[in-house]
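**Student:** In the working numbering, the protein residues as written are 1 to 155.
Keep in mind that the hints were calculated from the coordinates and are not lab data.
Just to be clear, a hint being listed does not mean it is correct.
Stated by the list, open to error - With a Cα cut of at most 25 Å, we get these calculated SDA-like pairs of lysine to any residue:
1) LYS58 x THR40
2) LYS58 x VAL43
3) LYS96 x ASP80
4) LYS58 x VAL85
5) LYS58 x VAL38
6) LYS142 x ALA10
7) LYS142 x VAL8
8) LYS96 x PRO123
9) LYS26 x LEU141
10) LYS64 x VAL86
11) LYS75 x GLY59
12) LYS34 x ASN20
13) LYS2 x GLY15
14) LYS58 x LEU36
15) LYS2 x ASP16
16) LYS95 x LYS58
17) LYS95 x ASP80
18) LYS19 x PRO145
19) LYS19 x ARG138
20) LYS12 x LEU136
21) LYS26 x GLU49
22) LYS26 x GLU44
23) LYS142 x LYS58
24) LYS96 x GLU84
25) LYS64 x ASP80
26) LYS142 x LEU36
Every value quoted in this text rests on a predicted model; they were computed, and no experiment measured them.
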Amino acid sequence: MKDIARRVVAAKLVGDEIKNIERAAKAELLEEMKALGVRTLDVEGDDGEKLAAVSRAKGRTTAKVNESALLAWVKANRPDQIREVVAPAYIETLKKLAIEHGAAVDATTGEVIPGIEVETADPSVTTRPTAEARALMRDLLKGSPLLELAGGTDA
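Please model the complete structure; the sequences and the hints are all you need to start from.
**Tutor:** Below, the structure is given as structure tokens:
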């Protein structure tokens with residue numbers, strides 16, 4: 001079993017380090033692509049075969065909401081858009097009670113509160129590598145041919 005656990009830890013460490021390497025490489029490539037005005041780049045192997053196309057995507061535009069400011073405005077200007085809802089904090093309290101006791105039960109009446117169900121997910125394995133193990137894997141992967149595709153072109 002310890003051999004299997006070591007494989008899990010090694011895979012976790014390799015995966016994490018690969019994500020870090022990818023993140024850094026993407027940041028570096030993005031800066032170069034911006035500087036040169038390049039939107040798409042074909043990546044080829046030493047044999048000239050296309051390996052991939054890398055594109056510079058536009059940043060995602062999102063809207064953020066200040067709930068209290070919006071609520072004040074809607075109450076004053078569009079009261080027809082206000083709905084009655086259970087307070088999220090109370091829902092969280094009921095969920096905690098349900099997990100603790102198997103069901104959400106009213107403390108006063110003993111009534112099981114409908115609408116809250118307890119589910120248990122399948123068990124899983126969690127890996128928490130030490131800093132030393134991360135450093136060891138980083139050193140092992142540094143300069144590894146695993147991280148280099150054969151060749152490539154700049155366009």
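**Student:** State for each hint whether it applies.
**Tutor:** To see whether the hints hold, each was checked on the structure:
1. Restraint check: the Cα-Cα separation between LYS58 and THR40 comes to about 12 Å, which is no more than 25 Å; the hinted pair holds.
2. Distance hint between LYS58 and VAL43 is fulfilled; the C-alpha atoms sit about 20 Å from each other, no more than 25 Å.
3. Simply put, LYS96 and ASP80 have alpha-carbon atoms about 33 Å apart, too far for the 25 Å limit, and the pair is violated.
4. Taking the CA atoms of LYS58 and VAL85, the gap is about 37 Å. The hint is violated against a cut of 25 Å.
5. Distance hint between LYS58 and VAL38 is fulfilled; the C-alpha atoms sit about 12 Å from each other, no more than 25 Å.
6. Distance check on the hinted pair: LYS142 and ALA10 sit about 15 Å apart at the alpha-carbon level, within 25 Å; holds.
7. Restraint check: the Cα-Cα separation between LYS142 and VAL8 comes to about 20 Å, which is no more than 25 Å; the hinted pair holds.
8. Between the alpha carbons of LYS96 and PRO123 the distance comes to roughly 20 Å, so the proposed pair stays at or under 25 Å and holds.
9. At roughly 18 Å between alpha-carbon atoms, LYS26 and LEU141 fall within 25 Å of each other, so this suggested pair holds.
10. Our distance criterion of 25 Å between C-alpha atoms is met by LYS64 and VAL86, whose separation comes to about 22 Å.
11. The hinted pair formed by LYS75 and GLY59 fails the criterion: a straight-line CA distance of about 34 Å is larger than 25 Å.
12. For the suggested pair LYS34 and ASN20, the alpha carbons sit about 21 Å apart, so the restraint of at most 25 Å is met.
13. Distance restraint check for LYS2 and GLY15: the Cα-Cα separation of roughly 20 Å lies within the 25 Å cut-off, and the hinted pair is therefore satisfied.
14. Our distance criterion of 25 Å between C-alpha atoms is met by LYS58 and LEU36, whose separation comes to about 16 Å.
15. With a CA separation close to 21 Å, the supplied pair LYS2 and ASP16 stays within the 25 Å bound.
16. Among the hinted pairs, LYS95 with LYS58 is inconsistent with the structure: their alpha-carbon atoms are about 40 Å apart, more than 25 Å.
17. Restraint check for LYS95 and ASP80: the C-alpha separation of about 30 Å exceeds 25 Å, so the hint is violated.
18. For the suggested pair LYS19 and PRO145, the alpha carbons sit about 16 Å apart, so the restraint of at most 25 Å is met.
19. With a CA separation close to 12 Å, the supplied pair LYS19 and ARG138 stays within the 25 Å bound.
20. Restraint check for LYS12 and LEU136: satisfied, since their Cα atoms lie roughly 13 Å apart, inside the 25 Å limit.
21. Between LYS26 and GLU49, the direct Cα distance comes to roughly 22 Å. Compliance with the 25 Å bound is thereby established for this hinted pair.
22. This hinted pair checks out: LYS26 and GLU44 have alpha carbons roughly 17 Å apart, not beyond 25 Å.
23. Among the hinted pairs, LYS142 with LYS58 is inconsistent with the structure: their alpha-carbon atoms are about 31 Å apart, more than 25 Å.
24. Between LYS96 and GLU84 the alpha-carbon distance is near 23 Å, which keeps this suggested pair within the 25 Å criterion.
25. For the hint pairing LYS64 with ASP80, the CA-to-CA distance comes to about 22 Å; that is within 25 Å, so the pair holds.
26. For the suggested pair LYS142 and LEU36, the alpha carbons sit about 28 Å apart, so the restraint of at most 25 Å is broken.
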